[in-house]
Each structure stands twice: as C-alpha cells, then as structure tokens.
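Put chain E on the given structure of chain U with help from the hints.
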Amino acid sequence: MVLNSLDKMIQLQRNTRNIRNICILAHVDHGKTTLADCLISSNGIISSRLAGKLRYMDSREDEQIRGITMKSSAISLHYEKDDQEYLINLIDSPGHVDFSSEVSTAVRICDGCIIVVDAVEGVCPQTQAVLRQAWLENIRPVLVINKIDRLIVELKFTPQEAYFHLKNILEQINALTGALFTSKVLEEWAKRETESQASSNSVPGEQVYDWSAGLEHTDDSHLYFSPDQGNVIFTSAIDGWGFGIEHFAKLYSQKLGIKTDVLLKTLWGDYYLNTKSKKIMKADQTKGKKPLFVQLVLENIWSLYEAVLKKDKEKIDKIVSSLGLKIGAREARHSDPKVQINAICSQWLPISNSVLDMVCQKLPSPLDIPAERVERLLCTGARTFDSLPPETQELKTAFMKCGSDDTAPVIIFVSKMFAVDAKSLPCNKPRPLTPEEIAQRREFARRRHAEKLAAAQGQVPLEPTLVGNTSEICPKKEETKNDEQLTSPAENITLKPVIQEAEDKDYFIAFARVFSGVARKGQKIFVLGPKYDPAEFLRRVPLGFSASSDDLPSIPHMACCTLENLYLLMGRELEDLQEVPPGNVLGIGGLQEFVLKSATLCTSPSCPPFIPLNFEATPIVRVAVEPKHPSEMPQLVKGMKLLNQADPCVQVLIQETGEHVLVTAGEVHLQRCLDDLKERFAKIQISVSEPIIPFRETITKPPKVDMVNEEIGKQQKIAVIHQTKEDQNKLPEGVQVDADGLITITTPNKLATLSVRAMPLPEEVTQILEENCDLIRSMEQLTSSLNEGENTQMIHEKTQAKIQEFKQKLEQNLQGRKWRNVVDQIWSFGPRKCGPNILVNRCKDFKSSVWQCLESKCIKDASKYRDFDNSIISGFQLATFSGPMCEEPLMGVCFVLEKWDLSKFLGQGVTEKPEEELDRGETAVLSRDSKSPTENEQFQDDSPETLEKKSKRKGETLLADCYGPFSGQLIATMKEACRYALQVKPQRLMAAMYTCEIMATAEVLGRVYAVLSKREGRVLQEEMKEGTDMFIIKAVLPVAESFGFADEIRKRTSGLASPQLVFSHWEVHHLLTVTKQVISVGLNFSYVPWRGQVGLDASGVLFPA
Amino acid sequence: MSIFTPTNQIRLTNVAVVRMKRAGKRFEIACYKNKVVGWRSGVEKDLDEVLQTHSVFVNVSKGQVAKKEDLISAFGTDDQTEICKQILTKGEVQVSDKERHTQLEQMFRDIATIVADKCVNPETKRPYTVILIERAMKDIHYSVKPNKSTKQQALEVIKQLKENMKIERAHMRLRFILPVREGKKLKEKLKPLIKVIESEDFGEQLEIVCLIDPGCFREIDELIQRETKGKGSLEVLSLKDVEEGDEKFE
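Residue numbers (this note's numbering), protein chains in the order written: chain U, 1 to 1105; chain E, 1 to 250.
Since the hints were derived computationally from the structure, they do not count as laboratory data.
Incorrect hints may have been included.
[As the list claims (entries may be wrong)] Only pairs whose alpha carbons sit at most 27 Å apart, straight line, appear in this in silico DSSO-like list of lysine-lysine:
#1 K683/U with K125/E
#2 K125/E with K641/U
#3 K138/E with K683/U
#4 K162/E with K678/U
#5 K750/U with K229/E
#6 K85/E with K33/E
#7 K151/E with K975/U
#8 K229/E with K185/E
#9 K282/U with K265/U
#10 K184/U with K1025/U
#11 K98/E with K45/E
#12 K118/E with K628/U
#13 K90/E with K68/E
#14 K338/U with K311/U
#15 K138/E with K628/U
#16 K118/E with K638/U
#17 K899/U with K818/U
[As the list claims (entries may be wrong)] Counterexamples of contact, computed for chain U against chain E with all Cβ distances above 12 Å:
#18 K8
#19 I258
#20 G1006
[What the hints assert, rightly or not] Pairwise CB distance ranges (calculated):
#21 E573/U with K159/E: 53 to 61 Å
#22 Q64/U with N34/E: 52 to 60 Å
#23 S41/E with E771/U: 38 to 46 Å
#24 T102/E with E805/U: 51 to 59 Å
#25 D774/U with K162/E: 33 to 41 Å
#26 S687/U with S149/E: 25 to 33 Å
#27 K151/E with P556/U: 46 to 54 Å
#28 R520/U with G203/E: 54 to 62 Å
What you are looking at is a predicted structure, and each value in this text was computed from that prediction instead of being measured.
Where is the CB? At the ideal position from N, CA and C, for every residue including glycine.
For reference, chain U alone in the conformation it holds in the complex:
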C-alpha cells in the first residue's frame, strides 16, 4: 500500500469514528521518533530499511545533527484492521525539558497518547512530566515499553530477570498514575468540602469528621497500565518488532489448546504452565517456576537473538522456517546481525501492527471525547461550566457530537503557529499542468499580449485581466517562464520581484484541530483571543448573527478572518485540502495576521476561548540580543517578532535600556531560537550577551552599631562628624554642609541659594509609591491642565477617590516628628515625575503641592514663580534619574528643600531700578521663608505688575549673564545640591531580586538548597504539595546571580527540580556599601557594566576610574 493517495486520506477523514488523534510522549532519547519512523514506514512513506535511522519527523537540520526532536509535527497515516480502515493522525513530540511547551501543544489536539518508556532507564523525570500533562489534558494514555533488545544485548539479562525488570517499570508507572489520581481526587474532595462547608454553616449539628477523603469511593482500576488490559506493549523500535500479549495469547491458544481469554489473563503475572496436566497454575515463587510470560514469550525472543548473534545458521533457518517467514537473500547473507534481526523480527512481530492495533482499540476516537474534558476546555480561569451563558453551554453538545453537517458550528483550536518556507507550500511546488490549464494559460497570455499591443497603439484601458492575474502570480515558476516568452519585458519586471519576495518569506501555518463542524477553504470565521469573553459579545450583539456580516461592532479580543488555505500535515510535506471534516488535525494558512501563538476559531461567537495551554516549563533563561552591525536593528526587531509567533514558549521584550531580551526555557531552546533568528527570521549576524542588570541607589539611616556590633557612642559620633567635616574639604567652593546633612549651595552667579537635605523614606512608602506610579502620572496631568485654567475637564470621581486613598496611605506611613506635614508639602515625585522619590518643599508659603488637583481650583499665583519652580523640579528629576554612585536611578529618597532664597537675584533688579517704588517687603515676598503667610498675601495683590516690570529687566540681565540663562543655572544647582545631600548620607545600592519558586522531589531537596545558598538566595518557605512527594520552595535570589541558575539547578538535581523566576522587588544590599566613593563588594560584579564609572581592581574592590 505504497503512498496513500490524497483522495484516500480525504475519504478517510470523513469517517470520524475511525480517526485516532494520538501523540507520542516520552523522556528524551527513549525512542519516540524511531517509533514514529517505524509507523511511517508501514505506510510506505519511507523505506522500512531506513526506519529508525532516517528520523523522518525531525525535519530541521539541527534536529538531525543533535539527534533530538525540537518541535512537534504531525503526519497522517492509514491503517487497516479487521476490514476497518483507520486514519491515524500521529504527532511526534520532543522529549527534552526545554521543549515541553511543544508537548503541550501536541497534547491539546490529541485524544490519546502513546507513552514510551525505555526498558533500561525506566521512569525518568520527563516521563513523569508528560504523564502529568496527559493527565491534566484528560487524554487517555497507552504504554509502550521500548528498547527490549537492550535488555538482551547490553544488560545480558536472562528472560526471568527481564520479566522482573519490566514488572518493576510497570509498577513505577502505575505508582505515578496513582499519585496523579489521588492528588486529583483530594483536590476535588477539598473543593467539595469547602462548598459544603459554605452551605452547611447554618447546620451546626454534625460534628463527625469524615476521614475517608473520598479516595475509597473512586474507582481507579481502569487507569492503570497492565498488559492483560491490552494497554501495554513491548517493543524494540530500532529492530522493528513489538508485541502485545494478545498476539501470543492467540498463538498459544491454538498450540496449547487453552482458551484465548484465559491466556490473556494469565500471560502476564505469576502464573506458570503445568506441562503435565496442561493447566495454568498460580505460581509459587519458591518453586522457581518460570512465569508464563517468560516461558512462552521472552524465551522465544531470547533464543532468536542468541541464534542471530552467535551466527548459528542452522538454528536461524529453523526458526525462520518454523515461523513461516521469508527472509531475503541479501539480509540473510548480511554480516551485521542487527540487519538479520531486523529482517526476521519485523516480519514476525511487526511493530507497526501491534502499536496501531492497540491505538485503534484502546484509544478513543474524536467522537468519544469525555464530557469532563470538554467542560474543562471551555471554562477559562476559575469559572465553572454552569456559569457560562446558555448559548455556550449548548456548544458542549456540538463538541460531543462532533458533527459534520452544515449546521454544526465550526470549532477549531490552533495550538501553535509554525513557519515553513514558501518553497515547500503545495501551491508553490512545481507540478505537472493539465492540458486544460496549459490551454487556458496560453489563451490568457495571448489575450494579454494583444491588449499590450492595443495599449501601445491607442490608450486602451487595461482592465480586468490584472485582477485575474494576481491570483496567478505567486504560484508557479514555470508558469511565469511560459509567460515570459509571450509577454513584454515590462511585464516581466513587475512579475519577478513578487515571486522572489514570496520565496524569501516564511509562511506561518497554524497547527490546529477541528473539534466540530467542517472547516472549508475560504470560510469566514471568528478568531477568539485568550481573553475573549462570549458573554460580552452576547450582550452587545443580538442573537442570530452570522460570521459573514461585515458590520460587526468591534469586540475586544475578537477578529474575523478567512481560512485561506487548509493543509494536510504529512511530516515535512503539506497537501492542499478543500475542506476538513471534524476530528482531524490540520494546518491552516493565512492566519499570520490574526493569531499570535494560539487561538480558538469558531463560527459561533458564543464560543469561549479554550483554556490556555498548560506549560510545564516557563521561560527563564534571559539573554540580550544585538545585531552585529548596528544598522541592522530593524531586521532584528522584525525577526524577533516572527520568532515570538513561531515559538509557543519564547518571550521577547525590549527593556527600558533599549536592550532586546530573549527569554527561553533553557539552554538548548535558546540555541534553537538563536539559530532560527540567524538563519530564518532575521537573517543577520547577531551577538548575544548577558543582559544589563539594573540597580538602584538609595541612602539608609546612619548606623547605630559599628562593624563589630557595638553601639556607636557619642564619641564616635563626634568622630563621624569630624570626618564629614573633612569630607567637606573635598566639596567645591560655595557648598556648605552642616552636621545633620543639610546642604546649602549657591548658583554660579551668586544670586540664589538653595538648602537641601536628603532623607531615606520608609520601605512601605517606597512600595506605595511604586504601586501607584500610574496614579501619580495622572495626577501630574491633572495638575498641569488645572494650571492652564482648564477647569472644564472634571476629574473622574473614582480617580479622585483613589488619589485621596493614596494620600491617606502615605500619611499613615509617614508619621513622627520628622515627617510632620510632609505629605501636604510634597512638591514632586521623581524620576520622570512618577518615581519612588519625593521632593518636599518646607518653605512656608508653599502652595503648589501635588495635591492641587484634589482641590480642583487653579492657583494663579503659582504661575509667577513657575519658571523657578520648574527649574527646581527639573533639577530634582535629573538628580533622581542618575545617582552619584554609578549613575543608576534613585529609589526611596526624600529630598527636602528647606530654604530657597532668591532675594539677591531680585534684589539686583531692585538696585538697578531705583525709580521704582520698591520696599523691603517686596523682596521678602520672594525670599519666601522669611515672612509669615499673611503678610505675603497682602503683597500678592499688588505684586504682579511690579514683578512684571522687574522681569523685563530680568530678561536683559539674564542675557548678559556669563553663566548662561538663570533657569539653567537653577537646574544645575538643584541637581548638584541633591547629589551632595546624598553623598553625606550613608549610600547603598539596591539590587533587583527575583522570587523563585522551585518544585522539587524530596531526594533532591538538599541539592536545591546548596545551589540557592551558593548564589546568595534566601529560602522563604518550603511546603509539601498535598497528595504528592513534591516540595514547593519559595526563595528570593538577586537578579545578578540568576544567570545560569536554572541550568545549574537542573543539572545538579538531574532535572527533578525546576525553578520559576519572577521579578519581585528591590532590596538594599548591605554588602554593597559606599564609603568615600570606594565600593566594597560582596557580589560577583563581573556582570555589572558600570558604564565606565567604576572599575574593578584585583582585590575585587570597586573604585571610580
């Protein structure tokens, strides 16, 4: 049955009952792809000789080189059994941890899965993971124990030993299944318990506690793997054989005259054959009797292997003839025993038959989709199925029916997008033309030629030809060649680039499955994003709405698109399809614009999006990517966008620093992403580096204890003061410092003096500020619009309430003498006017606080000084944007402007204009802190005009100033003042911290702790997950230490622990202290790009270079 024709496949697709959607799951290197090869070779797509060597499903170059699968890919196979023809949609998946996201995409669109386990290695970490994934998606598994040949050839087990080994493996797997089952039952039970508690609160009578936990009541026997259930088979994919006990049961029932079903039950287990009475007896281990399985099954295989390996010609011939096989002369003469074994076994016990038999028998067809699974798929988040709108609940029946009639809604789930070369698209493949097509084309070309001529003579308009043309342009090369002979050269030029572009481009094809209804080419369909809510739609749009109408109101997370192309996925090949009946796996072209990674497609808008894919591994390995040539930035950005779409698990982001960061699931995944980026999506040279680690600068309270934990007494304090005095010598002229850190500084033209003090903010306040960043920004906008006198724009009440709440929170946290009234005096936040630093104005008549917007009245008076106000604020913004230590932004610092004296500056204006009537009081208005508010107000009434005149004057004096404009000077002075104010306080760096959640089994707990402590992590809590032996550890870890952390922890724990890192907060790092500008370092600072400000000397001490 070489090469099933496309028509055959299409015909098979219609028979939903005989479709099996399965995927192969296993730990890495347990033989998934080899098994897939064997199954493919049964369909004649590849030669059976090459099966296991070719790895047909590994179509990528790096997959072939590395020998691991990196993506899931599908192929449709045909299988005939008992007059029934089956269509098997097989999906091969990767086994490496880094690609577990690909497993998720495969599992979602299958109904059953084959779990492959290496007979030698047994259950491995990834086996657990895939089993869990299959369990969570509610799909039925069958077990294949692979590589039995290794037990014979490598381990040299006797059949008896092999039997016990296999039994052991089976027990392990069943134990895992059992654990999954119990945890699920316990979870459900707990849920029910809380529900019943909620309802039974009113009934206090019952006090008896139910200890049963519901485990006893739930039947779990159907879950377990057992050969006598027919859901386990034993194979050697590399040698091409495999069997279930059914095969041998049938064989021996004839030979021994025992009923098949009896044999089926006893062939696996402790039973032995009493040869005398020809009866099967319950075994007694002590008697050393061989179990039936050993005696009847394994020994035969062992003897075959023995004969072939010893090259015992006669015995081989005997076995071959007794089995009734025909071995080709070439294989029989081959010197390599492997080839002979392969030849004999693949005829005797063909692996594809046994595996596909089991698949067809034991795994469900799309029609048998469990109701539980449907409900789970449809319920996003914490909602229960019953809470969905009735229209949506109706869809469940459509799911269950999987109907192919026209009325059935079409529901498709796209689990991932994958890129293919335009060349491999079926429409771009050269294919023989039918005579009609050739004729048609010739006619077409001729007409166009005629038109050209006509156009050249008299300006005859070129009409519809072009419209028809576009559809023909992209497809075939030879077609254009044909055309070229006829068409004019001008036409050629326009055609060629189009074709080339099409070839360079990658096409994205959606990897999808039809759950209900028939998908047709050209059909209009809704694309539902993950956040789409059907209730929203039903509220807005009346019922009885069809996808075809165009005047849809725009609804969030929903789009309408056309299914442009439908493909049958055949491994590396794609075949065009016109329509796809329900229950099939398919590829969809033309969704590139609509679907990012996964989506739900449906003709009925009442369909909710499916629950998001459940990823075992979250991306954690971060790197920064840059083009080798800076001019290639746009290509890189474009490439990264494409990569993001093509890979279900990768994250791509641009950081504030302008870095392009790629977050991947692991090192191997990273390598693949980079290769993809270089060769496929961006097509440029790129370089990869560790991303820049952000830091923050802050100050702390002066220490109460010294280095050896002794209290710092008065004397030492005096010493400290002396030291600061000494430090003052360093400060340039014009800067004065007093004992408690108040900095007084004068502008270069000596006309204005500012006094600034820096104070550390309490941690909670910093946190509040960070959380309310957006609110602060909107406050800022409000204030500025108020200042312009635009009272029309009313503040939304909610916002106002929020601002009020924010203010109260700040007041609560800023208490004590030091902070009295501070909240009312807040002038600005920084950096960028919304950061976690505060500028406070302590001057008495200060009015323009940030809370202005609450009073919602304009303060006209402020505008007079706005020039100066703004300069001061700008200076503060600059200072908070880059700190004095290493030019990192500040955090948690409060700057207090204690005094602000502009008297001299204005005084200058006074002396120059003696004819103006100006008394001392006028100047006092401007030296704001010296007079009481009442007095000020008095003057405010008449001040404007005088001021105006003065500022006229001012404009001229300003220009004459050799230090530049006064506003600029004020900015610079304020900035300097802030910096000095910081430097006289104990400065600290803050390091970014991750919270790290690690799932680990008990035995590797110690190693996890070792890795954490080595990297300066701190464990916060550790608890056991109910019903399993997994521990969940919560820890914090500095970002600087996180590179390679995931990899290290995986290596040290042999993959049994997997961390997840999420940025959490900033933490003052007490080892990173700055005294006299020398930073002593506790962290390994080779990572830190100090932007040239600081160097590192041999002893590991940082110093400003």
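For chain E alone, kept in the frame of chain U given last:
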C-alpha cells in the same frame, strides 16, 4: 660616595619616573606605574601607594640620591616627603603606553556612554545600548582625540553615526506659554528650531507643547526671553523623550 656593589643596591622594578628641574638641577622620584595619574586626579590618596621610596634622586636609574644642600637650595627644605609631593604634582611624567592605552579606552567608552545616553532609535524611541554604540564606533573607525572633551567628541560621533544607522538625539519636550500678542510672530521664528509640535492651544495665552533638539534649547530660551521681554515662559516637560518601561512583543 657609596660603593656600587650588587649587595647594597636596592633594585627598583616597575618604575615610573617623575622629573622636575629646579635651580638648574634635575630631580627625580621613583613611583609606581599607573599611580601618578591616579594621584593627580585625586583618586589615590595614599602616598606610599604612589612612591616606591620617599627619597629624591638626581638619577633614578643610576640610583643617585640628590644632595641635601641641593634640595635646600632648590626647595627650601630638606623634608624628602614634602619635596616628593611637590615633584609629584608639578613634575613631568612620562605616560607609559599602557597608561595611555587605558586612558584612550576609557575615553572611548565615555564617549559611547554619552552617545547612548543622549540618543535614541528614532523608530522605536528606545535608547541603544553602550555595547552597540561602541561597536558602531569601531565600525566607522572612530579614533579618539585625547585632547578634546568627551562631550564634544560624542556630538561628533553622533553626526558620523547618523550616516550608518538610525540614530537621533533624544528630543526634549518643552512647553511655551507666550502672550498672544507676540505669540504669532514668535511662533514663526521658533518654527525652524522645533522638530514636532504636539499640541497648540490659543486661549488667553498661546501654549505650545513641542519636541526640540536639545542643541537648540539655549537658542530657544534666549529667543523667548528677548522677544517677550520675560513675559513668555518655557517649561521643560521632559529632558529625554524616550519610551518608558519594558515592552513585550505581542
């Protein structure tokens, strides 16, 4: 005169010599390499870290120590340490190739830092990283001039980089408030200096929010002050108009 034998000589290795001529005599001191520059810039404060020995020489390589009377006649004191300090600050140093090299490298990096700080990618409004700028500078074969300030050179680099890649100085966002009378006239004058006008509002006063090249700031400031005679005001809304926060591709 001491006898010059292998046993009583102290070999000084890794020496940088600082020379000074005073009163017709030449004086030298022996310092460690790299440290003299550090001392002069004020980073290094420990004299022992800089000096190999506190004695003043006539010729370091020959090990000839200066005579006391010469010192007194030249410096007016015979306190060797004091004299060493004087020579250190005022004498001439021969900068070693390594020192020069690190200095140039430092400048190179400084320039890159300034450029990265001031510029954005006009398409994304995001800054470039320092590493990328450094690479770009190497690509255009920029050579650092040691006697020009880094800021000046950075401006030069930006100009040159513009030919090769998409880079632009980050714009400054300003708000003008101008009296209506002068507003119209002034606006025409301001126009060539403004890159983008974001909003314009004629009320009682003319209010313009716009983006400008930071290089024009002073010019604009002066223009407004002169034309409006101090009535108009100008406010810096943001110094650098860049995208904030991280952005995820979706």
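Going through the hints against the structure:
1. Of the supplied pair hints, the one linking K683/U and K125/E holds, its CA atoms being roughly 24 Å apart against a limit of 27 Å.
2. Between K125/E and K641/U, the direct Cα distance comes to roughly 17 Å. Compliance with the 27 Å bound is thereby established for this hinted pair.
3. Between K138/E and K683/U the CA atoms are separated by roughly 22 Å; this keeps the pair inside 27 Å, and the hint holds.
4. Among the hinted pairs, K162/E with K678/U is consistent with the structure: their alpha-carbon atoms are about 25 Å apart, no more than 27 Å.
5. As the CA atoms of K750/U and K229/E are separated by approximately 23 Å, the hinted pair is consistent with the 27 Å bound.
6. This hinted pair checks out: K85/E and K33/E have alpha carbons roughly 16 Å apart, not beyond 27 Å.
7. Taking the CA atoms of K151/E and K975/U, the gap is near 19 Å; set against the 27 Å cutoff, the hint holds.
8. Taking the CA atoms of K229/E and K185/E, the gap is about 14 Å. The hint holds against a cut of 27 Å.
9. Between the alpha carbons of K282/U and K265/U the distance comes to roughly 12 Å, so the proposed pair stays at or under 27 Å and holds.
10. About 12 Å separates the Cα atoms of K184/U and K1025/U, which keeps this hinted pair within 27 Å; it holds.
11. Between K98/E and K45/E, the direct Cα distance comes to roughly 22 Å. Compliance with the 27 Å bound is thereby established for this hinted pair.
12. In summary, the hint linking K118/E to K628/U is supported, as the alpha carbons are separated by about 22 Å, within the 27 Å threshold.
13. Only pairs whose Cα atoms come within 27 Å are accepted, and K90/E paired with K68/E is accepted, the gap being roughly 20 Å.
14. Between K338/U and K311/U the alpha-carbon distance is near 11 Å, which keeps this suggested pair within the 27 Å criterion.
15. Distance restraint check for K138/E and K628/U: the Cα-Cα separation of roughly 12 Å lies within the 27 Å cut-off, and the hinted pair is therefore satisfied.
16. The hinted pair formed by K118/E and K638/U meets the criterion: a straight-line CA distance of about 25 Å does not exceed 27 Å.
17. Distance check on the hinted pair: K899/U and K818/U sit about 17 Å apart at the alpha-carbon level, within 27 Å; holds.
18. A cut-off of 12 Å between C-beta atoms confirms that K8/U is not in contact with chain E; the least separation is 41 Å.
19. No Cβ of chain E comes within 12 Å of the Cβ of I258/U; the nearest lies about 64 Å off, and the non-interface call holds.
20. G1006/U, annotated as away from the interface, keeps every beta carbon of chain E farther than 12 Å; the closest lies near 36 Å.
21. Range check, E573/U to K159/E: Cβ separation about 54 Å, and the 53 to 61 Å hint holds.
22. In this structure the hint that Q64/U and N34/E lie 52 to 60 Å apart at CB holds, the actual value being about 54 Å.
23. A hinted range of 38 to 46 Å holds for the C-beta pair S41/E and E771/U, which are about 43 Å apart.
24. For the pair T102/E and E805/U, the supplied restraint of 51 to 59 Å holds, since their beta-carbon distance comes to about 55 Å.
25. A hinted range of 33 to 41 Å for the beta carbons of D774/U and K162/E is consistent with their spacing of about 35 Å.
26. Here the CB-CB span from S687/U to S149/E is close to 30 Å, well matched to the stated 25 to 33 Å.
27. Against the hinted window of 46 to 54 Å, the Cβ-Cβ separation of K151/E and P556/U comes to about 49 Å, which satisfies the hint.
28. About 60 Å separates the C-beta atoms of R520/U and G203/E, a value consistent with the hinted range of 54 to 62 Å.
Comparing the model with each numbered hint stated earlier shows that all of them hold.
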